Each structure stands twice: as C-alpha cells, then as structure tokens.
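Colleague: Here is what each chain is made of, one letter per residue.
4 protein chains.
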Amino acid sequence: MPSNGHKQLKIAVIGGGSTYTPELIEGFLARRDELPVGEVWLMDLPEAEEKLRIVAGLAERMSARCGRPFAVIQTTDRRAALDGADFVITQMRVGQLAARIRDERIPLSHGVIGQETTGPGGFANALRTIPVVLAICRDLAELAPEAWLINFANPSGLVTEAVTRYTKVKVVGLCNVPLNMQAGLAKAFGVDPAEIYVEFVGCNHLVWANRVFCRGVEVTERAIELTAEDPALNMKNIPHRTWSRDFLLSLGAIPCGYHRYYYLTKEILAELLEAEAAGRPTRGEVVREVEAELLRLYQDPGLDHKPEALAKRGGALYSEAAVRLISSLHHDRRDIQCVDTTNRGALADLLPEAVVEVNCVITAQGPQPIAVGHLRPQLRGLLQQVKAYEELTVEAAVTGDRGLALQALAAHPLVPSISVARALLADLLGANRDFLPQFKI
Amino acid sequence: MPSNGHKQLKIAVIGGGSTYTPELIEGFLARRDELPVGEVWLMDLPEAEEKLRIVAGLAERMSARCGRPFAVIQTTDRRAALDGADFVITQMRVGQLAARIRDERIPLSHGVIGQETTGPGGFANALRTIPVVLAICRDLAELAPEAWLINFANPSGLVTEAVTRYTKVKVVGLCNVPLNMQAGLAKAFGVDPAEIYVEFVGCNHLVWANRVFCRGVEVTERAIELTAEDPALNMKNIPHRTWSRDFLLSLGAIPCGYHRYYYLTKEILAELLEAEAAGRPTRGEVVREVEAELLRLYQDPGLDHKPEALAKRGGALYSEAAVRLISSLHHDRRDIQCVDTTNRGALADLLPEAVVEVNCVITAQGPQPIAVGHLRPQLRGLLQQVKAYEELTVEAAVTGDRGLALQALAAHPLVPSISVARALLADLLGANRDFLPQFKI
Amino acid sequence: MPSNGHKQLKIAVIGGGSTYTPELIEGFLARRDELPVGEVWLMDLPEAEEKLRIVAGLAERMSARCGRPFAVIQTTDRRAALDGADFVITQMRVGQLAARIRDERIPLSHGVIGQETTGPGGFANALRTIPVVLAICRDLAELAPEAWLINFANPSGLVTEAVTRYTKVKVVGLCNVPLNMQAGLAKAFGVDPAEIYVEFVGCNHLVWANRVFCRGVEVTERAIELTAEDPALNMKNIPHRTWSRDFLLSLGAIPCGYHRYYYLTKEILAELLEAEAAGRPTRGEVVREVEAELLRLYQDPGLDHKPEALAKRGGALYSEAAVRLISSLHHDRRDIQCVDTTNRGALADLLPEAVVEVNCVITAQGPQPIAVGHLRPQLRGLLQQVKAYEELTVEAAVTGDRGLALQALAAHPLVPSISVARALLADLLGANRDFLPQFKI
Amino acid sequence: MPSNGHKQLKIAVIGGGSTYTPELIEGFLARRDELPVGEVWLMDLPEAEEKLRIVAGLAERMSARCGRPFAVIQTTDRRAALDGADFVITQMRVGQLAARIRDERIPLSHGVIGQETTGPGGFANALRTIPVVLAICRDLAELAPEAWLINFANPSGLVTEAVTRYTKVKVVGLCNVPLNMQAGLAKAFGVDPAEIYVEFVGCNHLVWANRVFCRGVEVTERAIELTAEDPALNMKNIPHRTWSRDFLLSLGAIPCGYHRYYYLTKEILAELLEAEAAGRPTRGEVVREVEAELLRLYQDPGLDHKPEALAKRGGALYSEAAVRLISSLHHDRRDIQCVDTTNRGALADLLPEAVVEVNCVITAQGPQPIAVGHLRPQLRGLLQQVKAYEELTVEAAVTGDRGLALQALAAHPLVPSISVARALLADLLGANRDFLPQFKI
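These protein sequence lines are chains V, Y, F and A, in that order.
Reminder that position 370 of the first sequence reads as 373 in my numbering, one-by-one numbering, no gaps.
Reminder that position 164 of the second sequence reads as 167 in my numbering, one-by-one numbering, no gaps.
Reminder that position 162 of the third sequence reads as 165 in my numbering, one-by-one numbering, no gaps.
Reminder that position 406 of the fourth sequence reads as 409 in my numbering, one-by-one numbering, no gaps.
Keep in mind the hints are simulated off the structure, nothing from the lab.
There may be inaccurate statements among the hints.
Identical copies go unnamed one by one, so any copy, or any two together, can satisfy a pair.
What the hints assert, rightly or not - Derived SDA-like pairs: lysine to any residue, alpha-carbon spacing no greater than 20 Å straight-line:
1. K443 with E29
2. K171 with V401
3. K443 with E398
4. K54 with E29
5. K315 with E292
6. K171 with R218
7. K173 with T223
8. K54 with D303
9. K269 with L111
10. K269 with S420
11. K10 with E221
12. K10 with E198
13. K190 with A67
14. K309 with G70
15. K173 with V401
16. K269 with H113
17. K269 with S422
18. K443 with L432
19. K269 with P416
20. K269 with I109
21. K173 with G376
Keep in mind the model is a prediction, meaning the values are calculated, not measured.
Chain V extracted, bound-state conformation (with noise of 0.2 Å):
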C-alpha cells in the first residue's frame, strides 16, 4: 500500500543564507506535529559563507529551542544539499543585493521604473536566475528526481516557466501576494482569513482578486469599496498609493500591489526619479540595510526565535505560504492555494502551457488548477500582454540570443519605446556580464 506517513523529509534550502531563512525555520517549527521534517539543508555559495555561518546558527538556536526536532545542515556544496531531498527551496537572488540594487538604478537612468520582480529590472534578473535553476534541476534529475521544488526567486512566474518549458522537475512557484491580499481583505471585513475565499486570476506580481467571498457570500463590490477607502493592500516594497474607486469599480477586481507599476506608471515613475534626484536610497539598498541589521542581530548567540525586526524586510507569510504548501503536496492534502503553475486552460485566454498564478488544489502529484475560462477584456489585455513579454524573456534567457531579449524589453509596458529598450539591453547586458555567459556579449 502506499504511503507517505512517516519518512523523515529532508529539505534543501538553495540561499540559505538569505535573512529571510529564520522565517521558514519558524514555519517548519510552528508545524513540527504536522510535518516530519527530519533534515534542513541551508546551501548558500562559498562567497556567502560568512553569512550562511550567522543565519545557519540562527536556526540550530531556533530548532534546539523547539527540542531540535529536525538537524539544520549548513554547505556550500549544492549537490550534497540536493541529493534525495524531498523538497527544494530555491530563493537565493543571484548576483545578491548589488545586482538588485543595478536592476533599479539602470533603467532609472534610461527613464525607465527599474522594478527588481515585474519591470525590467526583473528581466534582468530573469536572465541571472534562469541558467542557475536550470542547473540545478538538471542535478535533481539525477540527485532526487522525486523532489518537488517550491520556487521562490524572483521574477518567481517567470523562473518556474522556464522551469517547466525545460525540465522535467516537478514544480512549484510562490509567492506571498496572494497570502496577503487575503489577510488584508480579512482585516477590512473583520472576519478570520480563513472565511475569507478569494479567487485569484493572473500571473506572479500581476494577479487580481476576480471575485472575494465571504464565508460563501460573494462580496466583491463591498471589497472593492473598502480596497478603495483603505488600501489593505500596500507593501513595504511598493510605494503605496490608494486606488481609485471609480476605477476599481469598473475593473471589477482588486490588482495587487505590483498593478501600481502599470496603472500609475506615470505617478511612480516621477516619484523615482525625484528620488533618485534627492539621493534617497533605492528599495534595495534599504534592504541592504535592513539585512545588515538582521545579521548584526542574528549573531546574538542569545537569540533563539525570529526577531521582530525581519517583518521590515517585507516577508510577511513568506513561510506560511512555503510551509502551507509544503505540508499539503506532503499529505496529499487537496486544499486550495493560490500558486504558480501551468495553465492547462484554467485561464482560457493564455496559451495551454503558461504558467499562472491561480487557485488549485493541492494534492500529493502537484497543483490542479481550478478552471476559470475566459477573463473580461479590463483584465484580459494587460495580462496577456506581460505573458507574452515574460514568454520572450523566458527564451531569452535559456538561448542567450540578443534579439529576443530586445523583443522581451520592447514588449514590456515600462518600456516607452524600442530605442530606449535597445539603451537600457545593452546596459543590463554590460553590468551583469559575469553572471550571463549564455550572451555572447
């Protein structure tokens, strides 16, 4: 008979070193009884040895808290971290913070909103991440072919796209927005977030809540009134800006915060700029503080649980998401969870083999999309629109041809013409040289 129950897993966790690990270790702990994770790897490259020693000890103090019910195993050796793990974690950023902080500086100059997820700083750091997962699936293949890896590094969608379109590795991409619009709505309806069922169309950083119930009631209207009085839906990382309710009104639908970058593009846009004018400090490089914070308290020897100071760094239900999914592929659950994953015509205005982020139902071989058909024209355009952008980036970065990423950048909402997108090409490919030998630049 079948079984899944009582193995041990061990988790591989690629950029372990990320101050964001304490968030999962919480998560892995907080459902101890409910997941038998026997082994946390944390893998980080050798030039983040340094920081993988502080977050990894971190985690020893905070499962030794909790009676150590799973080792935590730190290496710079990514095989020894990939071979027979149950599941895959992938959110190192390649290039680290500096080339974040390049993904917004560069095409500022150029004019353009850099976005390090969703604009063309994302596509930079597409055509980073990509190589590098796709080498580490072709390890799974041989090392743990069973392995599920649950993506989280950013541009999230479009790594698992090209996850998908190249490999056989069975994945799944995620993402934190759903989770907090969810939490969001819950607060301004005063309910728990569990009686909260929100339906979610779109792809990773460009996804609606297409229709909101409340314990089983639709409330879409009433959520869009109180999206537009009281924005639960701002981010840390977005430079917050309350829609408008004649506008939300007629979209029918409550964007995410990322939509800001392509509804106000003009506004934000400006923003940056006198910002930057102003010599304020990009999102990246405040993270860059904010991370040199945490290490500073992480290395507490005293320390054993989360601090409170990482929930400035913007993470909020990062592990929730991760450990939610996690459990339910585990124990074949079959709940439903906003994730990313091939389309399999759930949204029947993109192509078959997309990868969306849209409600499924988890179970033990994956996620099952929930059948949705076709979206009203105010959604249905722009999202096609950045697919077929995301569709060119996810070509460009595995072939390395030229062409194809101008055509991606040309395609891309932010970007105000091909002139500037042959500019600011050029520029990316100049600064990430070292991390993109697949352009023979």
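Starting from the known structure of chain V, arrange chains Y, F and A on it as the hints suggest.
Modeller: The following block gives chains Y, F and A in isolation, referenced to the frame of chain V:
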C-alpha cells in the same frame, strides 16, 4: 457580516413519492448535526398521491425516531413546495415506470439497446423531462431565486445542460456513479474511500476514472489491473461483464458501468434480445416489482428506518451524494466532489458551455471545475460524439423540432442507421405523445 | 438560377461631401467595364451641403467625361440614399475636422499622443462614430437588408466590430494600409504588386506583414532588410522614422506605419510636444488646409478628373481598396484581399468574435478569413492588449458607460496611468458633449 | 529575383504501374502549355514490373501523340525516381489488390463492413501504407528536400497526417471526392462547375458540403433538395442509396458518398453480407477484373490515348485534382481547392495539428486553410469521433503498438464492440503479417 450558519433550511423534493426518498431522509438524519434542515417538503403529482402518502409516512416516522429534527410535509402543490426553498431536489420520472419500460422496449423492437439514461431510452426520457424541469425553473425564478437545484432526474447530464443553457437557475447535476466507482476502488485496494482520489473526466453516465491515486500516490495502472481481474464497478441495473485487461490497459483509464453499452454494444444487444425472446422482464419491469414490494414494506407503521430491501433498487450512495453536496454548498466547504456542471474549459476538448462530469471544488457559489486539459484520443472521440448527441437532444427537447430530434438519434452511437433512427423516433414520439406537447406530432 | 450579373448597382456614399470622393469616383470609372454601377448617391449632412455640392459637381463632370456610365445624385436625406442600395460606403467623420483636431490636441495637453485612429484620439472618434453607424445599420435593416456596408469611417476596425457585435448588417471594414504596404514592398523588390504576396496579421492600423512572398518564394527576411534600409512604409500622416534593422529582424515581421506610435512612443510624443510648443499645426490642421485648397480646385468647372493635389491628402490606393472589394463581392471573385472581418479562429490568439485585419478570400457571401494559427509572442502581446482596449471602447461607445470608457483608456498602451486616463476622459467627454448623447455627462 | 517559371519539372509517380496512370498522363498533357513538365518517372516494385512496362508504354505513346512534351521514364529504383523530383505523387497500394480484397473480406467475416478507405479495411491499409510513405519521406529529405509530396495513397487523410506528424516533408493529401461533389452539384443546377462554390468541411472520405453557392448566391437548401431527389453524389465503388430529404434538411449539409457507411451502417452491412452469401464479388474483386481488362487494352500498340473503359475504374477527376493542384503550387496561383492539410484552427472543433479536408488557398508555400469556426453538432460529433480513430491509427501504424491498434479499432464507429475489435485485429494483423514489420506479432 454575511452568514449562512444559523438558518433552518427548507428542502423541496420534487418526485417526493419515489421509493428512493427514505434513502434521502436517512442522509439528512445522518448529517443532522452538520446540516440544519428544518423542513423537508415531499411533492408529487396528484396521481401519485397514494404512493406519496406511504413514503411520507415512513419519512415522518424516520424523523420522529431521531427526535424529529425536521418536519416532513407532503404536498401535490408544486409551487408551495418550491416557495422559499433553499435546496430543490428533482428526482421525478416523467411518465413513471410505465414510460421507462416503454423507453426500454421500443428501441429493442427496432433492434436497438434502449437504456433509459444514456441510450435512446434516455433520449425519450430527456424529451419528456426537460420541459418539466424548465417549468420548475420558471417557478423557482419567481418563488426561490436563490435556491440551488440539485438534479437527479435522468438523464441527469442532459437535464442539467438544459437548465444551464435556458435558465439562470443555480443548478448542479448529480449521480451516484462516481461515488460508487471510488468506493469500488477503495474496496479493491483495501483502503478507506477517503484515501482514494479519482480524477474523473467525461459526462454523466459516460465518466472515466482517468487517473487514480491511493494515499497520494498514482496507482492508475494497478487500479486497471484490479478492475480487470475483479470488476468492482458492476451495478445492479447494468448487465455485468468484465472488461478485458488488454483493452483497459491500452485505454489507460477505467470506464464506468454505463460504458458497457458503447464498448460491448453487440453483446449486450444480443443478451437483451434473447431476454426479450425468452419473455424475461426488462430492468424497468424488475424495478416495478421491487417498488411494489418496497411500498408494501413502507406501509408497515412499525417501520421507522430505511429497510434493507431498498439496496436492491440500485441507488447505493444516492443519499451520500446528495446530502454531501448540499452540505458543502451550504457551508462553502470547498471540498472536491465529482458533479455535473458547466465545463468552462476544464475539459479542453468540449465547448466551454457544455455540461461535464468532473471533479469540482464545491463552494457556496457552486462547483468550480478543476482543469484537466486535453484528453487522450482513446477517451476523446467517444465523449465528443456523445456530447454532440446530448446537445442535439437538449435543443430538440426545448424546441420540439422533429428534425433536430432525428439528428440527435442519428448521432447516437447505439443507433445503427438513419433509417432506424427515423422509425424509432416515430415510435418514441407516438408512444410519448401525452408528455411531449412541444412536438407537433 | 441565381444571377448577379446584369443588375445596375446603386452605391450610397455616406459622407459623400468628403474631398476623398473624387478618388472613389475615379475608381468606379476605371472599373466601369467590370462593375455595372448605375447610380452613385453622395449623401452628407445639411451643414455640409455646400461642400457636397462642390464635390458632387466634380464627380458629375468626371462621370460625364467618361460618357456618364452612372448618374451622380447628391442628397442630405440619408434614408433616400440608403433605400435599395447595393453597397453603402461609410466615409464620414462625425464632428468634421474640428473634432479631429480636438482628438489630436486634447490628449497632447495631457502629455499623451492623440493619434486620431489608433490612439486616444481614435477612442474619442469611436465614441462619436459608432452610434451614427449603428443608426445607419438600423435604417439599412429596413431599407436595404441585403446591402453590403463597406466601412472606411475611422477607427475602421472598431466601427466594424461594433456593427458585427450589435447588428445583422453585412459589413466589411477596409483600410488602404495593407495595399500600401504591398505596393511599397513591390517597389522595394522591383516587381509588380501582383507578384508580392503578404501574409497580413493583426487588426486595423496594427497590422503586420507576417510573411512576405515574391513570385511564390518566401522572402520575409530580405523584405525586412529592405524595409530597414529604406522605409517604403512611410505615410503622409505619420511622423516618419526608420525602423532599426536589429529590431525588425528579431521581430520577424514588418510593422505598419501606425505601429510607430507603440514602438516609438517616447520619441513621437517628444516630437509632437515640441511641434506644439513651436506652434506648428497638427496633422488635422494641415489636412484642413489641404481640404480647403482641394475644394477650391474642385470648384473649377473645367476640372473633370481627379486633381494631382489629392495625393497630398494621404489616401493613396483608397479607391483601389474600395472598388476592388466591391467588385469581388459582387462577382464572387474569390480572390484574396486583406480586410477587417470577424476572426472565426483565423488568429488563434484572439476571440473568434473579434474583428481582425487578415487576408480573406472575398466571396459573394463576404470575406472568408484564411487561418494563420497562433502568432509569435513578439506580435501576440501587443495585439491582444490593443484588442482588449478596442473591445472595451466598443462597449463604452454603445452603452455610454463611463466606467467602461475609463477602463478602455486605462488599457490603452499610450496612456501612462489611470490618473491621466481619468483626466483625459473628462476632457474628451466634455469637448465632444454634443456628439455623445449616449453618455450622461 | 525569385522565379519558378522556366524550369522543366520532374514528376515522380510512386506506384506508377497503376492502371490510373494514363489518367494522370492525360492531365499533364492537357495542361502542357501551363505546366512545364520535363520528365515523368513511373516507379513501381520489381514484382509489378510487367504491369509497369505496359502502363509506361501507353504513357509513352500518349506523350508521343502530343509531340512528346515530356519524357516517360520507367524504373523500379525508388531512389532514382525521387532524386531531384519537384513533385512526387504517391498512388501505390501496399499489398496490391489482393490486400484490398482481404481488407474487405476479413471484417465481413466478423460481421463488420470492411470498406478499404474509411472502414476497418482502411485501418489495415493504413498500417501497411504509413511505414512505406514514411520511408519515402526519409529518402525525400535526402534526395529532394524541396519536393512536394502529393499523396493519393489511401487512406489519404491518415497517410497525410502521418507525414505531417512525423516528417518535415511538404505534403498535400488529395482526393477526387470534393471535385466530384462539386461536379454533381453543377450538373444538378445545370451550370458550369466553376459557377458552383462549395464550402467543404471534414476529413478525407468524411467531407460534407457545409454550404453551397451558385453564382455567388447561397443555395444550400435547394442543393439539399436536389440531392435528396436525385443523388448526384453516387460513386462507382459505393453501394448507392438515396439520402432521405428530412434527414438531409435537418442535417443542413450534404454528405459525401462515404458517409453512407456511417449513416446507413445497418443496411449496407446487410447488403454486403447478402452479397457474400450469394457469392458475389467484393468491389476489390470487381476492380481486379476491370484492371485486367484495362491492362489488356493498354497493351494495344495502337492505343495512344486514355481508353474510355478507364472510367469504370472509379477515379473520375483524379487527374484534374492532381494536375490542378500541382499547377497552383508551382505557379503560386492562390486559387481555392479542397485538399487535406494541417488544420491550424480552420475547424475549431479539431486539434490544430489534425489533418482536415477543407477549402484552402493554394500558394507556392502550400495550402492555406480557410477558417470555418465551429461546426453544428450534427456534423461535429461524428467528425470528432472519426478523427480520434484516425489519430490512434496513425500512432499505431508508426509505433506498432498493438494496444493502440486495439483502441483505434474499438473507437471506430463501424466496430460494434471491443470483443469484435480484438478478434478482428488479430485476423487483420495475421493476414497482413508480411507488410507489418513494425508489429511484433
């Protein structure tokens, strides 16, 4: 704040005089802690009043035995039953068993399998039943616009599709076949039914177990082997024959019992013709005997529970299917059940507006189908052909267009030529004249 | 036996006072042996009667010079013009050139390119024009139900889509852009236009040459090279800029002139703003001068042919497009022309009911689009986004729903934020108040 | 500058010893002014060398009589025939007429209609023919990569689909059925065939006239009436039966002759069984006699034209179909012909990669299908089911997978049960053992 929790529900059962009703009553009683049913209205036609009296009497005694959690009301006033109902269950047979027996006998006289649900007999049944259900829907729009219509009236998929195409009533079609297949597989694997997950694809009485999982692990091939060896899928009302192992393995899926009519047409037809020649009764005639016996039992004033003999009737898990669905709709439970609902792209090989029988997440807003994508050609062609027949039948039933009715029968895989279709149609329309006012015969 | 051959055709030209009309008259004269036109009715509004008189006078002299093969009738009675017509050509501009100039100026005052067909200016034009064309369609249903409506009224694709969605009138949308692209490519290759075959894909004023063939051999790459070197595609009313070679090669297709607004948004906007600052006229203002000059010329009683100066107006091949189409519809010629018609699956990335601009076989039953399948992502995303904008605009124009109008503008790639969309919408609705009775402003 | 115009073409005819060949030669001669054929290579197997000699002799005399515009070369060396060919016509029958007669006889012995193209007989033929055509394609890739393969080898649609799915060869499937339907309708309307336009939809030997136009006017209903009264569609090799008027009118389309096997299965089966019982020959046996007679005629050294008797063979318009297609491909004529080619969305109810038989614009790049959209359910279901059978058959023929072969036969509408399918498959595989190396029997 929206809330569904504390209201006492009114259930209306159209065709309440059916001998199946005690099954349903038992289901409501078994879930009385979870589902706050306040009234069960049993409605039937004046000509069935005696039968209704007997059945309602037993239902009343069953409720009384459990402390009378709900009232049982019998009526021949359909509007009174529907008025303010929360859930309406349609389980009537238009024309009673006499019509069913004609549905079986008339095709046979043309050398064609009748089959009262998926065969040409079901075609005649659809022509009779669809106008009645649409009339109920018109009443519902006025008397209980928020009610859910749970359709069991056969042919369930066709009737459900007519409701979705021609009304705005909230409807779910239901059948006990998927639950029985799941139960049969559970028995074969020696596990609890909850530990078996079946990916169902198809339409009503033409549903396949496309993939089977046991405790989260795919076991489709083993399930096929077990099915081939010891058919767990046999049903009372279907001549039983074992599928052959080579056929099932190359099919790659497990058919439902009713598939036999398509896969073993020649053998079943020969068997039925032989039975007729030998003067043996049809299934409808057997059921008539069983029903008479059941009604005799139900009259016993000492009987206050569902009698064992009801099992012979063939409706195993009927109450389970109905009450579980109602409970999930009421409580927005979001569990997965296989029901008949609008496709919306879940099966990419059928039109989005077709009614299909697939796994759905059951929410307070109704079933949300889980996307499957394209089917292999082994399943695809037969499903598409039968669905085209169904679409033609729905249109013929609503419009009374004799040409469409001829096309429907001609498109049916069991009808061996258009000459046969024409003669058979003439006989079916003639014999059902009193129930088919939409046809100008 | 059906026959179309010997009837004298009645042509009705709505907006017959346009200075383009001599172009059309010339076309009918040139094909007089092939197309049996009996009457050309030139209809215009009472306020344009003077202009109509001048234009009709020239038309009459042109016909007379060729032996008066058809009568020219001028009228301000629209119903009289439509009554019994075989072909109705709509070429009017609702609000005249004054409205066009506002369509160009108002967006610019918000820092947005106006562009009177494919830009936000065209959006305002669509709001004005669609109700008028739908009113014509209501008349046609009564007065000439078999007539073909040949729509040139801009934005041609949007107007055509409105007619297909909301009426049963037989309509074809038309534009001279594809013919000009073909002619330009023929010139570049040094061959006759008939020797060039272009696979057009897209929608009106957003059409690409997806593949190019010369004498039956695919020459797409060479055509791209030639286009990059020496743009044959420039049009009078579009600021000219040369596409870059690397962009075109990686695009893999040749854009039309109007694509510049999307591909070179930043540069064209800067140019337009600079022109405005310098007090230079908009294209509409230039056209106003050209028109005044043309009308002066047309008044010369000695003039009996199309004057050379009309070429400045920018409508090269306008009559060729119109008369060739009418002739093929009339004679069931089944040749291939690129027109605007219902998709029906020809472009798999758009809804079947969307109006697209693709190669069609022109039969007496109308255009039959040639199937292309899916487009590459380079073309797909932009086309889908613009089509979503168009769908929203059509709905807004028909319903007068201000929310939909806001969504349409917000979805337009040239509008940089919803704040801008809102302010721009307010101005456009205000300035066009007299032409927008459907909006409760 | 590209040019196709002056080259002398090499035509290779695989199965050149067929008695049909003079038909083809006559076609090339009739179009010799338009189509510059330089050489016609007639290739056949060594065991058919005598037949080839006779046929090639006649072909040579026919050419000589017209001034020898092209040379006729006979060969048993397939690679020599293919080397440098411009057009390759495949018209061979693998296993000769003896195999065809088995294809007819064996199914009948199982109580099933054989039908050598669209029935289970055609299934056996596909298993034999597909591997041979794929071998030819491998040679072509090497010896004449730019050649067009014009496939007449039956079952033509299945063979063409195999080539499109498994090779890169440029292929068009062809059949004379559409041309004959058009000719029959022209005769019924008393007009020239060129004045009739038929919208064909379906797949090979399952093609409907979906709409009919006469001189540009839709006359579908009248065409149906005429067909019902006096079937113009009868073919030599199909037992003739008149369609009934009521069936055709509610079908709304005109079936091809081969539809009889599906629409009148019972009657045709009875007729065939009766003929067998009476010792009457099958169609294949009749054809064997006709062929022997033809070969006797062909041997006459005085014969230098196509003999009248060839008409009995049943291939009316065969040469017209082939030569007209070749001429349009060669000259990039862009006229409309009904051929077998990849769907690409033209029929929305089938997969884009399925081979369909629809109207196409014939260009030098091959046929471009005209989009039709969705079909009515009357046509849709049967077409989808037969197409699923075809897909399974192609896969079985290529892989030699016996399970797929069983599924193909079980999916065939003429096979009344899987038990029959299994027994029939065993016999067909056994009897064709020598031609089916791909099956491990």
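Colleague: Under a CA distance limit of 20 Å, which applies to K10 and E221: within one copy, between copies, both, or neither?
Modeller: between (41 Å within a copy, 18 Å between copies)
Colleague: When Cα atoms must be at most 20 Å apart, do K443 and E29 count as within-copy, between-copy, both, or neither?
Modeller: neither (43 Å within a copy, 57 Å between copies)
Colleague: Which holds for K10 with E198 at a C-alpha limit of 20 Å: within a copy, between copies, both or neither?
Modeller: For K10 and E198, the Cα distance is within 20 Å only across copies (18 Å; inside one copy 33 Å).
Colleague: Regarding K309 and G70, is the shortest C-alpha distance of 20 Å or less found within a copy, between copies, in both, or in neither?
Modeller: within (16 Å within a copy, 53 Å between copies)
Colleague: Which holds for K315 with E292 at a C-alpha limit of 20 Å: within a copy, between copies, both or neither?
Modeller: within (11 Å within a copy, 62 Å between copies)
Colleague: 20 Å Cα cut-off: does K269 pair with I109 within a copy, between copies, both or neither?
Modeller: both (18 Å within a copy, 18 Å between copies)
Colleague: 20 Å Cα cut-off: does K269 pair with P416 within a copy, between copies, both or neither?
Modeller: This pair counts as both: shortest intra-copy Cα distance 12 Å, inter-copy 12 Å.
Colleague: Indicate which option fits the pair K171, R218 if close means a Cα-Cα distance not exceeding 20 Å: within, between, both or neither.
Modeller: For K171 and R218, neither the intra-copy (39 Å) nor the inter-copy (23 Å) Cα distance is at most 20 Å.
Colleague: Indicate which option fits the pair K171, V401 if close means a Cα-Cα distance not exceeding 20 Å: within, between, both or neither.
Modeller: within (15 Å within a copy, 25 Å between copies)
Colleague: Under a CA distance limit of 20 Å, which applies to K54 and E29: within one copy, between copies, both, or neither?
Modeller: Within one copy only: 18 Å inside a chain, 64 Å across chains, cut-off 20 Å.
Colleague: Is it within a copy, between copies, both, or neither that the alpha carbon of K173 lies no farther than 20 Å from that of T223?
Modeller: between (34 Å within a copy, 19 Å between copies)
Colleague: Using 20 Å as the alpha-carbon threshold, which applies to K269 and H113: within, between, both, or neither?
Modeller: This pair counts as both: shortest intra-copy Cα distance 14 Å, inter-copy 12 Å.
Comparing the model with each earlier hint shows violations of hints 1, 6, 13; every other hint is respected.
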